[in-house]
Amino acid sequence: MISLERLTKRYPGQAEPAVLELDLVVPEGEIVVLVGPSGCGKTTTMKMINRIIEPTSGTIRLQGEDVTTSPPDELRRRIGYVIQQIGLFPHLTIAENVATVPRLLKWSTDRTRARVDELLDLVGMDPSVYRSRYPRELSGGQRQRVGVARALAADPPVMLMDEPFGAVDPIAREKLQNEFLRLQEDLGKTIVFVTHDIDEAIKMGDRIAVLREQSVIAQFDTPERILSDPADDFVAEFIGAGASLKRLGLARVRDFALAHWPVSSVSDGREAALAALQRSTADSVLLLDDQRRPVRWANRQDLSRSSTPLERVGMSVTAVVEPHATLAGALDAMVSSRVGGVVVVDGRGGYIGTVDMGVIMAAAETMRAAAHERALAVEQSDLRAADVAVDLEQEQERR
Amino acid sequence: MTAGLVAPEQAALLGEPGDGADSSRRWRRGLAVPLVLTALVVGLLVYVQTAELDDIEARLLDPNLLLDATLRHLQLVVVSTVIVVLLAVPLGILATRPSVRRFVPLIIGLGNVAQGVPSLGVLVLLAIYVDIGFTPAIAALVLYAFLPILRNTIVGLQQVDPFVIESGRGMGMSRGTVLRRLELPLAVPVVLAGIRTAAVINVGTATIATLVNAGGLGDVIYQGLVLNRLVVTVVGALLAAVLALFIDYLAGLLEQALRPKGL
Numbered sequence: 001m002i003s004l005e006r007l008t009k010r011y012p013g014q015a016e017p018a019v020l021e022l023d024l025v026v027p028e029g030e031i032v033v034l035v036g037p038s039g040c041g042k043t044t045t046m047k048m049i050n051r052i053i054e055p056t057s058g059t060i061r062l063q064g065e066d067v068t069t070s071p072p073d074e075l076r077r078r079i080g081y082v083i084q085q086i087g088l089f090p091h092l093t094i095a096e097n098v099a100t101v102p103r104l105l106k107w108s109t110d111r112t113r114a115r116v117d118e119l120l121d122l123v124g125m126d127p128s129v130y131r132s133r134y135p136r137e138l139s140g141g142q143r144q145r146v147g148v149a150r151a152l153a154a155d156p157p158v159m160l161m162d163e164p165f166g167a168v169d170p171i172a173r174e175k176l177q178n179e180f181l182r183l184q185e186d187l188g189k190t191i192v193f194v195t196h197d198i199d200e201a202i203k204m205g206d207r208i209a210v211l212r213e214q215s216v217i218a219q220f221d222t223p224e225r226i227l228s229d230p231a232d233d234f235v236a237e238f239i240g241a242g243a244s245l246k247r248l249g250l251a252r253v254r255d256f257a258l259a260h261w262p263v264s265s266v267s268d269g270r271e272a273a274l275a276a277l278q279r280s281t282a283d284s285v286l287l288l289d290d291q292r293r294p295v296r297w298a299n300r301q302d303l304s305r306s307s308t309p310l311e312r313v314g315m316s317v318t319a320v321v322e323p324h325a326t327l328a329g330a331l332d333a334m335v336s337s338r339v340g341g342v343v344v345v346d347g348r349g350g351y352i353g354t355v356d357m358g359v360i361m362a363a364a365e366t367m368r369a370a371a372h373e374r375a376l377a378v379e380q381s382d383l384r385a386a387d388v389a390v391d392l393e394q395e396q397e398r399r
Numbered sequence: 400m401t402a403g404l405v406a407p408e409q410a411a412l413l414g415e416p417g418d419g420a421d422s423s424r425r426w427r428r429g430l431a432v433p434l435v436l437t438a439l440v441v442g443l444l445v446y447v448q449t450a451e452l453d454d455i456e457a458r459l460l461d462p463n464l465l466l467d468a469t470l471r472h473l474q475l476v477v478v479s480t481v482i483v484v485l486l487a488v489p490l491g492i493l494a495t496r497p498s499v500r501r502f503v504p505l506i507i508g509l510g511n512v513a514q515g516v517p518s519l520g521v522l523v524l525l526a527i528y529v530d531i532g533f534t535p536a537i538a539a540l541v542l543y544a545f546l547p548i549l550r551n552t553i554v555g556l557q558q559v560d561p562f563v564i565e566s567g568r569g570m571g572m573s574r575g576t577v578l579r580r581l582e583l584p585l586a587v588p589v590v591l592a593g594i595r596t597a598a599v600i601n602v603g604t605a606t607i608a609t610l611v612n613a614g615g616l617g618d619v620i621y622q623g624l625v626l627n628r629l630v631v632t633v634v635g636a637l638l639a640a641v642l643a644l645f646i647d648y649l650a651g652l653l654e655q656a657l658r659p660k661g662l
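Protein sequences, first through last, are from chains A and B.
Read left to right, the first sequence gives residues 1 to 399 (my numbering).
Read left to right, the second sequence gives residues 400 to 662 (my numbering).
Derived by calculation from the structure, the hints in this document are not laboratory data.
The structure presented is a predicted model; accordingly, all values stated were derived computationally and were not measured.
Just to be clear, a hint being listed does not mean it is correct.
So the derived label-pair ranges between C-beta atoms look like this [to be verified]:
no.	chain 1	residue 1	chain 2	residue 2	range
1	A	Gly39	B	Pro497	23 to 29 Å
2	B	Asn511	A	Ala114	49 to 55 Å
3	A	Asp197	B	Leu662	29 to 35 Å
4	B	Val512	A	Glu137	54 to 60 Å
5	B	Ser498	A	Leu122	48 to 54 Å
For every residue, glycine included, the Cβ atom is placed at its ideal position computed from N, Cα and C.
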């Protein structure tokens, strides 16, 4: 756990402080993302935690221990540090780079070597291939992986990451983000992550602190809450257009009621399919094979063309998702398919249901309502707390 | 991911024959310089031995005398360059430390002044006010070669990627460790280039050491001029040129050997 108490940074010769009395708690094992417009002090805030920038006043606690004045070099060896520019040492091999902190901690050669190999493996780089390469021989994404491995070398409980995936192309970034989230599931590090990209914040953060100027917290909340219930206009504006779309990226298909379009088994024949279509208002029927796997989408016209065998009528089923897919993913598949629905299948490919526009709208409505209720609940508990405070005051006055 | 891993591997394998040819070409190019220089010196000696020289020329071009002058010249260059390295490199390191960084323009300015003063003038002043002989000649050469090494040390340290330093500090390296393990190794190529330049400059400048009776190839050149024997002057000048090229060549080898791998 990291806790910052009234943390302030004033630069000499500047009237306004860069960071003003920031209070923030980063819970154990969580990723807290500091996000905000450029110049809001988010990087300054992060660099005060390992005291690359010395705070002017305030307290930094690491797992309860006050580290505000402890020797900075020793403090930093306990904190993993990844920056956007990575800063790999170009004259040292990948193995030597990763071994930086173990070497500072005077680990034995054997222990260091084993750890380096373990870490390279962990970030998906074959140690026998990359151990003795130099940074310039790697691609941007690989360098970033080495940067993460290097930060993890001495297994620090806490990590600071300053736009760690900012310098790679969008496709590599997406991949690195996913890989890192997978790693974090096992590692459970306490992480402060800085970015200016709200989408990255939503994706990476267990909690997000939206910062305005001087690192003043505009809202500190889970991604869902930030999207569904922005605290003020600043946060709403920072999230930008498409908050509802972004929220769909957090919701999973499995959590919502699916639509059931007419289905019919190919082996039951044409008449059964037509009958199924007739019983519903939909204009297409989904044909399944004997294992209940989707085969074709067919409408009335397709079915009436008796010359075509049933397993080849209509259109093939292209839009298919599994239950753990996000609603945004399902929507994307839906838009790019020619049928107004996405087939949801289980792990074996068997039909479960369909996501159509109705499902998406209902899900959005559910999320909106839930957010509203939570907001109300918070307000009420605040009110109750206020009532209690008033009661206490009155009681004291009576005495 | 696996595809990403395999591709560079194959590229490296495919690249290897090319690299081999490259390095053998570099070897041939590397050998060309000493071969040409040796041929030049041998040609010069053969000419001196076989040409019809008058008494004065024969006396001045005695091979033993030429060898002595060359060795003396080399001594002037090596001693002065070593002294400059010992003075200018630490000063350059000091100048890039955060606490003194603001004095860098002043230090560079002084170096510029030292370089700007005509070497002949410095030498004459030293001869008048201090002494003549080896020591004042060395002093003049040191003054003159100071700037290239100082400037290259400063530039070499300044061009180190600040994010390399930040990540080093961020992982808990002390300032001293960052200097020793990161900054200095990364500055080595630029510092060596400065030393190379200074050494070559010194070969040229050392020819005027003869004016303060410090010897060297300047003796040969100067006597050729005074006694109006063109061939003597040309031989002295050619030997100085060969020496300069040879030192440049050696410094080049040193640069290649000491340049950190991976750069």
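Results for each hint:
1. Gly39/A with Pro497/B: 23 to 29 Å: This hint holds: roughly 24 Å between Cβ atoms.
2. Asn511/B with Ala114/A: 49 to 55 Å: holds (54 Å)
3. Asp197/A with Leu662/B: 29 to 35 Å: Since the Cβ atoms of Asp197/A and Leu662/B sit about 33 Å apart, the hinted range of 29 to 35 Å holds.
4. Val512/B with Glu137/A: 54 to 60 Å: violated (45 Å)
5. Ser498/B with Leu122/A: 48 to 54 Å: violated (41 Å)
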